[in-house]
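There are 2 protein chains.
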Amino acid sequence: MPFLEVCLTPELIKLHEVEGKTIVVTDIFRAASSMVAGLATGLSKIKPVSKVSDSEEWHKKGFLRAGERNGVKISGFELGNSPFDFMDARPVTEVVMTTTNGTKAIAVAAAASQVIIGAFLNLETVANYLKENVNRDVLVICAGWKGRFSMEDTLFAGALCQLLGERFNIENDEAYAALALYEKAKDDLYGFLKNAGHAKRLRGLDFEKDIRFCLECNRFDNLTVIDKGFIVNA
Amino acid sequence: MPFLEVCLTPELIKLHEVEGKTIVVTDIFRAASSMVAGLATGLSKIKPVSKVSDSEEWHKKGFLRAGERNGVKISGFELGNSPFDFMDARPVTEVVMTTTNGTKAIAVAAAASQVIIGAFLNLETVANYLKENVNRDVLVICAGWKGRFSMEDTLFAGALCQLLGERFNIENDEAYAALALYEKAKDDLYGFLKNAGHAKRLRGLDFEKDIRFCLECNRFDNLTVIDKGFIVNA
Numbered sequence: 233m234p235f236l237e238v239c240l241t242p243e244l245i246k247l248h249e250v251e252g253k254t255i256v257v258t259d260i261f262r263a264a265s266s267m268v269a270g271l272a273t274g275l276s277k278i279k280p281v282s283k284v285s286d287s288e289e290w291h292k293k294g295f296l297r298a299g300e301r302n303g304v305k306i307s308g309f310e311l312g313n314s315p316f317d318f319m320d321a322r323p324v325t326e327v328v329m330t331t332t333n334g335t336k337a338i339a340v341a342a343a344a345s346q347v348i349i350g351a352f353l354n355l356e357t358v359a360n361y362l363k364e365n366v367n368r369d370v371l372v373i374c375a376g377w378k379g380r381f382s383m384e385d386t387l388f389a390g391a392l393c394q395l396l397g398e399r400f401n402i403e404n405d406e407a408y409a410a411l412a413l414y415e416k417a418k419d420d421l422y423g424f425l426k427n428a429g430h431a432k433r434l435r436g437l438d439f440e441k442d443i444r445f446c447l448e449c450n451r452f453d454n455l456t457v458i459d460k461g462f463i464v465n466a
Numbered sequence: 233m234p235f236l237e238v239c240l241t242p243e244l245i246k247l248h249e250v251e252g253k254t255i256v257v258t259d260i261f262r263a264a265s266s267m268v269a270g271l272a273t274g275l276s277k278i279k280p281v282s283k284v285s286d287s288e289e290w291h292k293k294g295f296l297r298a299g300e301r302n303g304v305k306i307s308g309f310e311l312g313n314s315p316f317d318f319m320d321a322r323p324v325t326e327v328v329m330t331t332t333n334g335t336k337a338i339a340v341a342a343a344a345s346q347v348i349i350g351a352f353l354n355l356e357t358v359a360n361y362l363k364e365n366v367n368r369d370v371l372v373i374c375a376g377w378k379g380r381f382s383m384e385d386t387l388f389a390g391a392l393c394q395l396l397g398e399r400f401n402i403e404n405d406e407a408y409a410a411l412a413l414y415e416k417a418k419d420d421l422y423g424f425l426k427n428a429g430h431a432k433r434l435r436g437l438d439f440e441k442d443i444r445f446c447l448e449c450n451r452f453d454n455l456t457v458i459d460k461g462f463i464v465n466a
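Line by line, the protein sequences give chains H and S.
FYI, in my numbering the residues of the first sequence are 233 to 466.
FYI, in my numbering the residues of the second sequence are 233 to 466.
Same shape as in the complex, but just chain H:
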């Protein structure tokens, strides 16, 4: 049986094998959720870049610029990091995006055989795809917050562990912890997260609506992947 492992923050990626694996990158608040929501509702592709300055060449090609630093929309950009921004981007369907944590987590996954973007919004679609199509080891990379552990990303990893426990070995302590936390939180993700750091930061920035939206399970059924450097629907 292949393994399902969890990397709690990109800072710890050097302690995990990436090569040859299927990677699921998550960043619940909000990059991964926004990517899934945007691609589910009309976007055709999203180019993730790490630096603000890297977005300009894509903007010249007609891409809308999306991104935040410390949760706040980057000055001059057309879109922030809210899923509602991503769902309102049309008629433009191409977006270039840079975020504090999410696009960095994507960059560390570069050596993998396959990279999927996962969120609660398409949880079952990701789980079903892994269950039915993937026979190699899977590594879930939590984007975290500035290198640190974040609760919401770990809960998403735990949700995958719960759905995939019969098809994958859930054996390392990180996965076991993620699963235990998810089991404790699953009946009220919002309530469990209300004291978590990132939700508090976003609430301080008046993103209550975003928080609730990002915690909706299975609202969309698109499988979001990285293909030749772009985030697209599979």
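Just so you know, these hints were derived from the structure itself, not from any lab.
Some hints here could point you the wrong way.
Any copy, or any two copies together, can satisfy a pair, since identical chains are not distinguished.
As the list claims (entries may be wrong) - In silico BS3-like cross-links for lysine-lysine, where the CA-CA straight-line distance does not exceed 30 Å:
id, residue 1, residue 2
1, Lys416, Lys426
2, Lys246, Lys378
3, Lys432, Lys363
4, Lys418, Lys432
5, Lys336, Lys418
6, Lys293, Lys416
7, Lys363, Lys416
8, Lys293, Lys305
9, Lys336, Lys246
10, Lys246, Lys283
11, Lys293, Lys432
12, Lys378, Lys336
13, Lys441, Lys283
14, Lys292, Lys277
15, Lys292, Lys279
16, Lys460, Lys426
17, Lys432, Lys416
Knowing the structure of chain H, use the given hints to seat chain S on it.
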């Protein structure tokens, strides 16, 4: 109210402030537990060193050499890393010790104002000391396993969070996760940990007795600290 934070592995220490804090280092399986047990039952001091070769100068001064690599006693050393070894060291009362994870976690705590060694064996003593005597921020450093998250150390951090929640701010996601995991595990630490990686590794090495011993709460009441480079009773 001062903060109680948790650093999940020494690999993440650069994301936390150490200076000016009281640090609690834990390594439940088994360095911290062995230190507490040894000092509770007759040892006078333990010198932690990171490298095997550093132990020789202390051995020449009469210290017993203790330590493991990958859970196995270092060849030629008088003691391994079992609490039972540490409780059987007399008539010699001085030990020099090097372990895979524990002594490294101690080394990263060097810039702190105060370093305490904590284990389930002296949980209440550590908690009471912090409650009654410490008004600065506290950081619990989990030794982990080769840089990675470990469940048993995180559970100990969670136990401290539970006992200290009224005197310290338990606000960062790591502490909140540790507390939630401990609440789930506390009625049967042994059962909860039976699938955890490190317990499995030790069981594979036939240290079942050590595992059960290291999970006993409040067997001893000595406060174990670092003073001028030695681990001693306060």
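Cross-check of the supplied hints:
no.	hint	verdict
1	Lys416 to Lys426	both (14 Å within a copy, 19 Å between copies)
2	Lys246 to Lys378	both (16 Å within a copy, 11 Å between copies)
3	Lys432 to Lys363	between (34 Å within a copy, 27 Å between copies)
4	Lys418 to Lys432	both (19 Å within a copy, 28 Å between copies)
5	Lys336 to Lys418	within (27 Å within a copy, 36 Å between copies)
6	Lys293 to Lys416	neither (46 Å within a copy, 52 Å between copies)
7	Lys363 to Lys416	both (24 Å within a copy, 28 Å between copies)
8	Lys293 to Lys305	within (21 Å within a copy, 62 Å between copies)
9	Lys336 to Lys246	both (14 Å within a copy, 18 Å between copies)
10	Lys246 to Lys283	both (22 Å within a copy, 22 Å between copies)
11	Lys293 to Lys432	neither (37 Å within a copy, 54 Å between copies)
12	Lys378 to Lys336	both (10 Å within a copy, 24 Å between copies)
13	Lys441 to Lys283	within (27 Å within a copy, 53 Å between copies)
14	Lys292 to Lys277	within (16 Å within a copy, 67 Å between copies)
15	Lys292 to Lys279	within (13 Å within a copy, 62 Å between copies)
16	Lys460 to Lys426	neither (37 Å within a copy, 43 Å between copies)
17	Lys432 to Lys416	both (20 Å within a copy, 24 Å between copies)
In terms of the numbered hints stated before, the structure departs from hints 6, 11 and 16, listed from lowest to highest.
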